[in-house]
Structures are given as structure tokens and as C-alpha cells.
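Q: Listed here are the chains, written in short residue letters.
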Amino acid sequence: MAKRIENTGEPVQFTFDGQTVTAQSGDTVAAALTAAGIDILRSSVVSGAPRGVFCMMGTCFECLVEVDGVPNRQACQVPVTEGLTVCSQQGAPEVLEASA
Amino acid sequence: MTQHSPMEPTKVDVAVIGAGPAGMAAAVTASKAGLSVALLDEGQSLGGQIYRNIENGTPFRDGILGRDYVAGRTLAQSLRASDVTYLPRTTVWNISTDNMLDLSRDGSSSQLIADKIIVATGAVERPSPMPGWTLAGVTTVGALQILLKASGVVQEDAVLVGSGPLMWLVAAQMISAGTPPKAIVETTPKGRMAQAMPHILQALKGHRYLTKGLSMIRQVRGAGIPIYNAATNVRINGGEVAESVTFISKGKEHTIHSNHIALHQGVVPNQQVTRLLRCDHKWDASQHCFRPVLDGQGKTSVPDVYVAGDGAGIGGAKSAALMGRLVALAIAQEKGKALPERVDRLEAALASDGAVRPFLEAMYAPAPQFVKPAKETIVCRCEEVTAGAIQEAVDLGAPGPNQVKSFLRSGMGPCQGRVCGLVVASIIAERRKASMDETGYYRIRPPLKPIPLSELANFQPLEVAQK
Ligand code: FES
Numbered sequence: 001m002a003k004r005i006e007n008t009g010e011p012v013q014f015t016f017d018g019q020t021v022t023a024q025s026g027d028t029v030a031a032a033l034t035a036a037g038i039d040i041l042r043s044s045v046v047s048g049a050p051r052g053v054f055c056m057m058g059t060c061f062e063c064l065v066e067v068d069g070v071p072n073r074q075a076c077q078v079p080v081t082e083g084l085t086v087c088s089q090q091g092a093p094e095v096l097e098a099s100a
Numbered sequence: 001m002t003q004h005s006p007m008e009p010t011k012v013d014v015a016v017i018g019a020g021p022a023g024m025a026a027a028v029t030a031s032k033a034g035l036s037v038a039l040l041d042e043g044q045s046l047g048g049q050i051y052r053n054i055e056n057g058t059p060f061r062d063g064i065l066g067r068d069y070v071a072g073r074t075l076a077q078s079l080r081a082s083d084v085t086y087l088p089r090t091t092v093w094n095i096s097t098d099n100m101l102d103l104s105r106d107g108s109s110s111q112l113i114a115d116k117i118i119v120a121t122g123a124v125e126r127p128s129p130m131p132g133w134t135l136a137g138v139t140t141v142g143a144l145q146i147l148l149k150a151s152g153v154v155q156e157d158a159v160l161v162g163s164g165p166l167m168w169l170v171a172a173q174m175i176s177a178g179t180p181p182k183a184i185v186e187t188t189p190k191g192r193m194a195q196a197m198p199h200i201l202q203a204l205k206g207h208r209y210l211t212k213g214l215s216m217i218r219q220v221r222g223a224g225i226p227i228y229n230a231a232t233n234v235r236i237n238g239g240e241v242a243e244s245v246t247f248i249s250k251g252k253e254h255t256i257h258s259n260h261i262a263l264h265q266g267v268v269p270n271q272q273v274t275r276l277l278r279c280d281h282k283w284d285a286s287q288h289c290f291r292p293v294l295d296g297q298g299k300t301s302v303p304d305v306y307v308a309g310d311g312a313g314i315g316g317a318k319s320a321a322l323m324g325r326l327v328a329l330a331i332a333q334e335k336g337k338a339l340p341e342r343v344d345r346l347e348a349a350l351a352s353d354g355a356v357r358p359f360l361e362a363m364y365a366p367a368p369q370f371v372k373p374a375k376e377t378i379v380c381r382c383e384e385v386t387a388g389a390i391q392e393a394v395d396l397g398a399p400g401p402n403q404v405k406s407f408l409r410s411g412m413g414p415c416q417g418r419v420c421g422l423v424v425a426s427i428i429a430e431r432r433k434a435s436m437d438e439t440g441y442y443r444i445r446p447p448l449k450p451i452p453l454s455e456l457a458n459f460q461p462l463e464v465a466q467k
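Here the protein sequences come in this chain order: Y and L.
If you count the first sequence from 1, position 40 lands on 40 in the UniProt record's numbering, and the numbers rise without skipping.
If you count the second sequence from 1, position 142 lands on 142 in the UniProt record's numbering, and the numbers rise without skipping.
No wet-lab data here; the hints were simulated from the structure.
Using N, Cα and C, we set each Cβ at its ideal position, and we do this for glycine too.
Treat each hint with caution, since some may be false.
[Claimed, not checked] Rough simulated footprint, nothing fancy, chain Y against chain L, three-plus residues with beta-carbon under 8 Å:
1) 171–183
2) 203–210
3) 285–294
4) 377–388
Just need the whole structure built from these sequences, with the hints factored in.
A: Laid out in C-alpha cells, this is it:
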């Protein structure tokens with residue numbers, strides 16, 4: 001289980017798939033979800049297998065979620081703010097992709 | 001759409017990408033030399049990953065993270081006291097000819113033209129492909145450390161699996177935080193000490209690092225955590241999430257139950273920007289990674305583009321800051337500015353700080369299991385491409401990573417090969433019996449990160465302090 005060893009920020013509430021999560025100001029969405037014991041953030045676009053945070057630093061794109069209706073946001077790069085609506089992401093939404 | 005925006009892109013003497021030790025130091029020195037500087041960084045705050053959240057330290061967290069972390073605060077303070085325009089939450093998603101940087105920031109896009117570009121994008125963790133490493137609950141060791149630095153959050157049941165100084169450091173920090181890892185599964189193969197010994201005399205010149213490393217390992221070994229040495233055949237088991245890790249150590253199979261497994265095989269340069277810019281790269285057989293080819297002053301093969309810090313080759317935070325200052329001085333000199341500090345002293349400090357590296361590189365080179373993963377192991381996590389599929393593509397005639405990419409989509413997912421690139425290249429090289437330089441790497445194309453179309457439509461001019 002995840003444990004917060006120190007409280008430094010203000011409490012901030014947001015939702016993940018409708019569930020209310022209490023975070024601390026300064027957390028990223030990924031850190032807040034990890035602290036709340038939520039490890040599954042999306043399903044893989046190929047096999048549908050569950051995936052969660054991997055690198056926490058914007059490299060792996062495993063943490064893609066929908067934030068306030070915008071898909072493909074990196075949960076580890078988005079700071080939590082009061083009332084944010086975060087949804088897990090199933091499949092592959094349209095994005096501006098690098099051309100092959 | 002604002003495709004042909006009437007707004008002129010902002011101009012600046014130097015754009016520095018990345019606000020870790022190299023980027024902060026380069027920006028401050030360039031600014032002191034009288035150049036206008038924009039420091040662009042994706043993060044919320046100064047420090048990069050090594051000094052993550054450095055400006056918000058508490059005495060409690062400083063005590064856990066240690067002196068080398070706290071040392072970064074001085075650099076952040078000097079940046080704040082400088083004339084540098086620091087732009088946090090800013091993603092550089094393209095750099096085109098004529099040195100134009102496309103930026104994404106808080107839901108809008110902007111452009112910046114820089115005379116000189118310093119790439120200070122640091123390192124990423126080397127991938128540890130193994131069965132089960134895509135399960136939820138499996139992270140990198142670096143991810144655990146970022147959680148601790150940025151949010152004061154620890155995983156109480158974490159099992160650390162891998163090799164290298166960062167793994168020991170994080171274990172020691174978790175112990176200091178009162179939540180030691182459940183176990184450490186060390187994958188450094190037997191016989192590595194003997195391979196590293198020829199470098200020991202040189203390494204002793206950097207004895208501070210050796211002493212720190214030894215005391216860290218002693219602290220962890222003394223904490224009563226189970227430690228398994230020279231582990232092989234590592235795999236993670238689970239259904240939806242990770243449930244346990246299985247491996248062989250001292251001829252015996254072990255299974256440790258945990259929902260949180262953290263992997264580490266050292267760090268390697270982050271090549272995305274230098275590859276995007278088509279800088280020449282060369283394979284470094286000691287560091288087991290590609291690094292950009294640089295002249296003695298951090299200049300790449302592409303005009304006006306420089307690299308400082310771990311992105312140039314792994315040297316750690318202190319070397320990164322020294323290199324940042326040196327690169328800024330080289331640019332200042334080219335621009336005919338008086339130099340604010342002496343080059344020879346910095347060069348001497350850089351040489352002495354790097355003395356320990358060859359020893360560490362020999363000791364902690366990635367274990368064979370992770371360089372040549374078994375056939376059924378997923379290598380490209382985004383597109384779920386296995387090592388076996390890559391070998392088959394090579395047998396069918398794919399000579400390098402870009403052809404394998406068009407066969408299998410490996411490296412074509414959202415991470416654009418950031419995670420799998422080195423392993424894909426080494427599987428191909430091994431199969432073809434070719435060198436890493438002959439094999440090459442993924443061609444990186446813009447956008448470096450996916451950009452919502454709504455953002456492109458929302459163009460905002462940038463404000464940068466001029467000199
Ligand atoms: S966890 Fe890797 S990009 Fe967010």
C-alpha cells in the first residue's frame with residue numbers, strides 16, 4: 001500500500017471514474033492516484049490489458065488518462081486541481097500522431 | 001485557425017531545454033555573460049528529476065533525501081536571482097530549421113526563435129524488459145523516488161529489482177523514511193567486481209562517491225531487509241495487477257509476493273531532441289547507450305545546437321551542472337562576450353568528478369537478461385511487440401529499427417520508442433551480428449509529444465526578457 005509520510009499541501013478533491021479522490025496540492029494526478037491506492041489507469045490499446053503508472057516522469061506514456069474531457073493527458077504531468085474530472089482511458093483516441 | 005499568425009515569434013539568444021542541473025547552470029551562466037535566455041521545462045517546478053521539487057523541501061524530507069539532493073537548492077536560488085526567463089509547464093514539441101521551437105504551454109501554443117539551443121533533457125531509465133513488466137503496479141525505481149520527492153508518498157510493500165547506484169540510493173531513502181522496501185533483488189551478474197577492479201585506482205580519485213556508495217549499501221544491508229544477489233530468470237506474475245516476482249538466486253528459485261515491483265537497470269541519455277534534430281550519435285560501449293557526438297565544448301554536429309548534462313552521456317548531477325556552465329561559456333565566447341568565470345577550473349572539476357564513472361559502468365552494465373530478453377517477452381510496451389517478433393522481422397530482412405517499426409509498429413506508439421528503443425536496437429544488432437552503430441536508432445519525428453488540435457489553434461505570444 002502507498003503511504004503519505006508527510007502532509008505539506010492543502011487538501012484537493014477530484015474524481016477518477018466518478019470516485020472522489022482526496023489529494024494534496026502539488027500532487028500530479030498520477031501521484032494522487034498512487035497515494036489513493038489506484039494502480040490501474042487505462043487499458044492497453046492492443047490487448048486491452050490493464051496498465052498503470054510506470055516512469056512518473058513523462059517518458060513512458062503508460063499513464064494516459066482523460067482530463068476534463070481531453071484524452072491522452074499524461075497523468076504524471078498534470079497537476080491536480082479542485083474539481084478535476086479524470087477518467088481512465090480504454091482503447092486509442094484520435095491524436096495528432098507522429099507520421100511513420 | 002491561426003496558421004498564418006500575424007504575431008511574430010519571440011526571439012532569444014539562448015533557449016535551454018530542461019531545468020535540471022545542466023539546464024539551470026547553463027541558463028544562469030549564459031545570462032551572467034549578458035545573453036538573453038529562456039529556460040523551457042515540462043515540469044511544474046525547477047530541478048528536473050534529480051532535484052525534483054527542490055524549492056519546496058521540508059527539513060523532514062531533506063533529511064530523507066540527503067545532502068546531495070539538498071545541494072541542488074543553491075542552483076535553483078541562483079536561477080531565481082538571475083535574469084533568465086523560466087517557463088515551467090512548457091513542452092517543446094518541435095524544432096525546425098532556422099532554430100524555431102514550437103512550444104505547448106497551459107493549453108496554448110507559441111513559438112520561439114533562438115540563436116543557440118542547449119539541450120539539457122537529461123536521462124531516462126534504461127528499460128528492464130522481463131515477463132510481466134507491463135502489469136499495473138510495476139514501475140521503475142526512479143518512479144518511486146519521484147513519488148517521494150514530489151509528494152512524500154512511498155509504497156510500503158515495494159520490491160526493488162535491478163542494479164545500480166540509484167536502486168541502492170532509493171532503498172536507503174526508503175529506510176530513512178521509515179518504510180523500507182520489502183526485499184531487494186539484485187541482478188548484477190557474478191564476476192562484475194573483477195571486471196570493475198582495473199578502474200579502481202582512477203575511481204579512488206573520486207573517493208567521495210565510492211565512500212557514499214559503500215555507506216549506502218552498508219546502511220541497506222544493515223537494515224535487515226532480505227537481499228538476493230545475482231538474480232537471474234526474473235519474471236513478474238499477476239493477472240490484472242502485479243502479484244509477485246519470481247527469480248533464481250544462488251541456484252534456488254524464490255517468489256516474493258507484492259503488488260508493487262520497481263525495476264532499475266541504470267540510466268541512459270534521453271535522445272529524443274537530439275535525434276529529432278538529426279544530430280550525429282555514436283554507441284558508447286562502456287555506458288551501453290547512444291550519445292550525441294560532441295566537440296570538446298558540447299557542440300553537436302548540427303549548427304547552433306549544444307548538449308549539456310546526462311543527455312550527453314551519464315555523468316550525474318554535479319558533472320551536469322559543470323558541463324552546463326562550460327557550454328554556456330563556449331556560446332558566450334562565440335558571441336564575443338566577456339566570460340564570467342574561468343574555463344580551465346571548470347574543466348578540471350569536471351574531469352575529477354567523472355573519475356568514478358568507468359568503475360561504475362563496468363560494475364553495473366545491464367545484465368544480459370535485459371539486453372537480450374527471451375522471445376516471449378514484450379519489448380515495446382505501447383504496441384506489445386515481443387523480442388521474438390523483432391527477431392523474426394530481422395530474419396525477414398528488416399535491417400534496422402525503422403524497418404522493424406514499419407513491420408511491427410514497435411516504437412510507433414505514444415512513447416515513440418523512448419522506452420524500447422535501445423533494446424530493439426540491441427536485439428536487431430545481435431540477430432544480424434552487426435554493430436550498434438550500423439544498426440542505428442529510431443528516426444524521431446515531430447510532434448515529440450501528442451498535441452491536442454485545440455491547442456495548435458490557440459496561439460499565444462511569449463514574453464521573454466531581452467538584454
Ligand atoms: S508514468 Fe510514464 S509518462 Fe506518466
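Q: Each of the hints needs a verdict: does it hold here or not?
A: Cross-check of the supplied hints:
{"no.": "1", "hint": "171–183", "verdict": "holds (count 3)"}
{"no.": "2", "hint": "203–210", "verdict": "violated (count 0)"}
{"no.": "3", "hint": "285–294", "verdict": "violated (count 0)"}
{"no.": "4", "hint": "377–388", "verdict": "holds (count 4)"}
Consistency note: the structure conflicts with the earlier hints numbered 2, 3.
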